[in-house]
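Sequences and hints are given; from them, build the entire structure.
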Amino acid sequence: MSKITRRQAVGAVTGTAAGLALVGVASAWADSTPAEGGKNKAAPPGGNGGPVAFDEVFQGRRIQGEPLEGAAAHARGHAGHGSPFRVLIDGRELHVMHHGKSGWSSAINHYERFASPLETARTAVTTLKGASVVPFNPTV
Amino acid sequence: MTVRKNQANLTAAEKKAFVDAVLEVKRIGVYDEFVAAHRLRFALDMNTGVYVGHFGPSFLPWHRKFLIDFENELQKIDASVSIPYWDWTVDNSVASSIWAPDLLGGTGRPLDDQVMDGPFAYSGGKWPINIQVDTRPFLARNLGYRVPTLPTRAQVDAALAIPTYDSAPWSDASAGFRSTLEGTASYMSMHNRVHTWIWGQMETSVSPNDPVFWLHHSFVDKLWADWHALHPTSAEYLPAGTTPNVIDLNDTMPPWTNTTPQSMLDHTQFYTYA
Ligand SMILES: [Cu+2]
Ligand SMILES: [Cu+2]
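Chains as they are written, first to last, in the UniProt record's numbering: chain Z, 1 to 140; chain D, 1 to 274.
Calculated from the structure, these hints are not laboratory results.
Worth double-checking, as some hints may not be accurate.
If you want the footprint, here are the derived chain Z segments under chain D, 3+ residues with CB under 8 Å [claimed, not checked]:
hint, region
1, 91-99
2, 120-133
Chain Z is faced by these chain D residues, among others (derived, beta-carbon under 8 Å) [stated by the list, open to error]:
hint, residue
3, Arg39
4, Ala43
5, Phe55
6, Glu71
7, Val133
8, Asp134
9, Asp172
10, Ala173
11, Met188
12, Asn192
Now the in silico label distances, taken between C-beta atoms and shown as ranges [what the hints assert, rightly or not]:
hint, chain 1, residue 1, chain 2, residue 2, range
13, Z, Gly100, D, Ala161, 25 to 31 Å
14, D, Thr242, Z, Gly130, 46 to 52 Å
15, D, Pro255, Z, Val134, 18 to 24 Å
16, Z, Gly50, D, Ala12, 53 to 59 Å
17, D, Asp78, Z, Pro135, 36 to 42 Å
18, Z, Glu119, D, Arg27, 35 to 41 Å
19, D, Trp256, Z, Lys101, 28 to 34 Å
20, D, Thr257, Z, Gly60, 44 to 50 Å
21, D, Asn250, Z, Arg62, 35 to 41 Å
22, D, Met188, Z, Gly50, 23 to 29 Å
23, D, Ala12, Z, Gly130, 36 to 42 Å
24, Z, Gly130, D, Ser93, 27 to 33 Å
25, D, Ala154, Z, Arg62, 40 to 46 Å
Backbone N, C-alpha and C fix where the C-beta goes; we use that ideal spot for every residue, glycine too.
Structural data, given as structure tokens:
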């Protein structure tokens, strides 16, 4: 493989500015109110048919998911299979990844594939049995 | 010379020596470096789309090197110890002796999946989970909860019969022996299914927190060696070269600076399987 390609790919993850932007998204977002009755938002206008945003309470845990846009999406999604989608469980980020046709997975359920980020989030809640996600930043 | 044995055939003294070495590597802090390396590899692979440790052809040589390094640490504690392998096609139930208190301990309790017996139970004080992706400080398992059965010998034989190591697009859903054995050709199968069958940390990117990780991957590694013996004229690793964003035969596998798939092909310079 080309070493330049690999270095560029890793650079996309380790960009400090992108990392700070993502932290800002998380805290602002978690402070908002859950959608009433756990109803999920419609797909964003102009979406490409990708997974839709959600905000619901599942087995007592608040789960939220939203496509990342702009610079954050670029930092996450451009280099490869990183997800342009952000999932939170009780306000803490669950790292999710998209693997093309085979579907979605997360740091909590790494050896399975799911049809959508929502199914990924719900399975993580079931797996955790009340424990919380510990976000992992690979640049630390 | 290191000989890796079937865990089912270990004597009580061999089991104790293995467990004691693992506990000592944990006590001195080295064990958690392996867990952290696995978590980091997974996160970087997922973010960059360059599949070094999992979901790509270097899955097998990457874990071969990972196990060799761990075995070396065990042998610094006790030179007689090797990583046993767990043939999950035979010892395939919650009642199998691998889960007895003299080796790995058993399944978790219903409340929180916490393992309550054996040397790695949280209550024993020797096995805190420090490298995490969630707040569980204890080893967790729920054997057979998510999927009821382990892969069968027939499924292993079908994988071993595939003559090609791997093929484009060199990722999940590639055709070939590697993706079939890894369990990415169809999900909830083979190597991946074993992780999922155990549940707890084994389902996560910090799967080496469960010592069964080493016995599972020792068997997966043995199957790669078995496959090569069955197909001596097949390329033992593919792709051979110049494949963008894929670890080729002579590419370096991070985090190591001098380890290539080529350098991992002859396992007999490091250990053999009994
Ligand atoms: Cu692994
Ligand atoms: Cu594995």
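Evaluated hints:
Against chain D, the region 91-99 of chain Z contributes 3 residues with a C-beta closer than 8 Å to a partner C-beta. That satisfies the three-residue criterion, and the hint holds. Counting residues of the region 120-133 of chain Z whose CB falls under 8 Å from any CB of chain D gives 7; the rule of at least 3 is met. With its C-beta approaching chain Z no nearer than about 6 Å, Arg39/D sits inside the 8 Å limit, and its interface hint holds. The interface hint given for Ala43/D is met, as the beta carbon of that residue sits about 4 Å from the closest beta carbon of chain Z, less than 8 Å.
The interface hint given for Phe55/D holds, since its Cβ lies 7 Å from the closest Cβ of chain Z, which is under the 8 Å cut-off. The restraint placing Glu71/D at the interface with chain Z is violated, with a minimum CB-CB distance near 23 Å, outside the 8 Å limit. Annotation: interface hint on Val133/D holds; nearest CB of chain Z at approximately 4 Å, less than 8 Å. The beta carbon of Asp134/D comes within 5 Å of a beta carbon in chain Z, closer than 8 Å, and the hint placing it at the interface holds.
With its C-beta approaching chain Z no nearer than about 4 Å, Asp172/D sits inside the 8 Å limit, and its interface hint holds. The restraint placing Ala173/D at the interface with chain Z holds, with a minimum CB-CB distance near 6 Å, inside the 8 Å limit. Because the closest C-beta pair between Met188/D and chain Z is about 6 Å apart, less than 8 Å, the hint holds. With 8 Å as the threshold, the beta carbon of Asn192/D comes within range of chain Z, its nearest partner Cβ sitting at about 4 Å, so the hint holds.
The hinted range of 25 to 31 Å is satisfied by Gly100/Z and Ala161/D, whose Cβ atoms lie roughly 27 Å apart. At roughly 49 Å, the beta-carbon separation of Thr242/D and Gly130/Z lies within the given 46 to 52 Å, and the hint holds. Judged by the Cβ atoms, the range 18 to 24 Å given for Pro255/D and Val134/Z holds: they are separated by roughly 22 Å. Between Gly50/Z and Ala12/D the beta carbon distance is about 56 Å. The supplied range of 53 to 59 Å therefore holds.
At roughly 37 Å, the beta-carbon separation of Asp78/D and Pro135/Z lies within the given 36 to 42 Å, and the hint holds. Taking the beta carbon of each, Glu119/Z and Arg27/D are about 40 Å apart, inside 35 to 41 Å as hinted. In this structure, Trp256/D and Lys101/Z meet the distance hint of 28 to 34 Å, their C-beta atoms being roughly 31 Å apart. The hinted window of 44 to 50 Å between Thr257/D and Gly60/Z holds, with their beta carbons roughly 47 Å apart.
Restraint check, Asn250/D to Arg62/Z: a C-beta distance of roughly 49 Å breaks the suggested window 35 to 41 Å. Separated by about 24 Å at the C-beta atoms, Met188/D and Gly50/Z satisfy the suggested range of 23 to 29 Å. Between Ala12/D and Gly130/Z the Cβ separation comes to about 37 Å, which falls inside the hinted range of 36 to 42 Å. One distance hint, 27 to 33 Å for the beta-carbon pair Gly130/Z and Ser93/D, holds here, with the actual separation near 28 Å.
Range check, Ala154/D to Arg62/Z: Cβ separation about 44 Å, and the 40 to 46 Å hint holds.
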